[in-house]
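Enquirer: Each chain, letter by letter, is given below.
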Amino acid sequence: MTTEEVRNVVLDIISDIAPDEDLGTIKDELSLREQLDLDSMDFLDIVMELRKRHKVEVPAEDYPKLATMASCVSYLTPKMQ
Amino acid sequence: MAGQQRIVITGIGLTAPNGNDLETFREALLSGKSGLRHTEIRYMGKQVAGLCDFDEFKYQSKKMRRRGTRAGSISIWCANEAKNRAGLNWETIDKSRVGVFLGITEHGNVETENEIFEMHQNNLDWKLWSPHHNPRTVANNPAGEVTLNLGITGPHYTLGAACAGGNVGIIAGAQQLILGEVDVALCGGVSESPQTFGIYAAFAAQGALAQNEDPTKSSKPLDKNRNGIAISEGGAIYVLERLEDAQKRGATIIAEIAGYAVNSDASDFVNPNPDRQVQCMHLALRKAGMQPSDIDIVNMHATGTGAGDISESQAVRVAFAESNKTFVNFTKGHIGHSMGAAGSLELAGNIPSLVDGMVHPGINVTELDPDCAIPNLVLDKPKEVKVKNILNNSFGMLGINSALIVKKFE
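Protein chains in written order, with my numbering: chain A, 287 to 367; chain B, 8 to 417.
These are calculated hints, taken from the structure and not from any lab test. Hints may contain errors.
To be verified - A few chain B residues facing chain A, derived, Cβ under 7 Å:
#	residue
1	S68
2	K69
3	K70
4	I317
The C-beta atom is built at its ideal place from N, Cα and C for all residues, glycine as well.
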């Protein structure tokens, strides 16, 4: 997957987990939690959906790497080749 | 209830398979409109269900709905409707003095089945089990979701009472008010049961699952050719208050809780016990200080099963043998069996009779089972009767019986 495709994967998952949010204005370098109403349970859902939909496993020690959209893409792109 | 504080109903919020408010529901019951349809049940295919079509997102965000349960969503709808209709000032009310008490038949089957299904779709990968499973399946979930939604900080819990749950929830609310534990009780019953395969399969295994090519004719309580239960979802939540509190704030009083009783058969897991059902009805009458002839309507539990309907018919004949002015109806022909919601929903459907003077009919009886013949049974068409007192029966597995009496407020 390209970085753009990985970004869309993450957006798709977030749109399901936080369906009330406007995802069109996300700034990739800012913390997702600062921009969206996401809590720790939502991040567990993101991890779960990555595993279910794309067979990508995110170990607990790597959860901080999902903090921003940019870090998500950077972390997930090698795993989704 | 002699010697006790008077408890009154000041608001009712509901969703039923044939109406999302009391007026629509009542009109459907009077006109014989069914709420049953066919739906696809996992593994089993086409089955009859009573499904509700209220707007899940009127009072709840999409995110909270996703995180919660269908029973929670039904509860949130009903609770909001009830408190709005009661005219409670939610900005100023002391929310630590509000309690939520909801009867359930079961809770958690839907969510557990969904998780197991997902796991099976993914090579039994147990790491896909949702972190939301526990908060979704704890038994207090439906009541707890109401407190989260409405900012209620008083007590909340559900009451597991099988299909007597709807009555038992209302009774619990009244008791908490009498005890002085709360000033406002949001209470009743809810059900999400049609979302679960297991309940369908279990009733099928018992030979007690309603089947009919026309789903609106599938639920046939008291009919000779009845073949079981049509499973439904729904809910009805009441605002109960002590009379003096309701009067102080100028609330419109819909009806008064006159008496109630809950007892146990202690005889079988599933089969009912008519003697205990008679005792339950008589105990409720005693608590209300009433005679059988004081009751204008008995709303039967009448699920459409062979043994259940015969037992209850026998019990009603005995309990009301001394009364020739008590009319008898049932609601499950219209809406099927809404499980934990049944008691509160069916009572709600009869409460307008205190004002409109009509007894709604039971429907779908084409050939009355002689064993279910009861004097003054109202079938097919509404009956015009001056109504002051209503007794509502709800019974459940493991032999739990409940009878709840409401009276016109005077």
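Enquirer: Look at each hint and say if it fits the structure.
Expert: Consistency of the hints with the structure:
no.: 1; hint: S68; in the structure: 5 Å, holds
no.: 2; hint: K69; in the structure: 4 Å, holds
no.: 3; hint: K70; in the structure: 5 Å, holds
no.: 4; hint: I317; in the structure: 49 Å, violated
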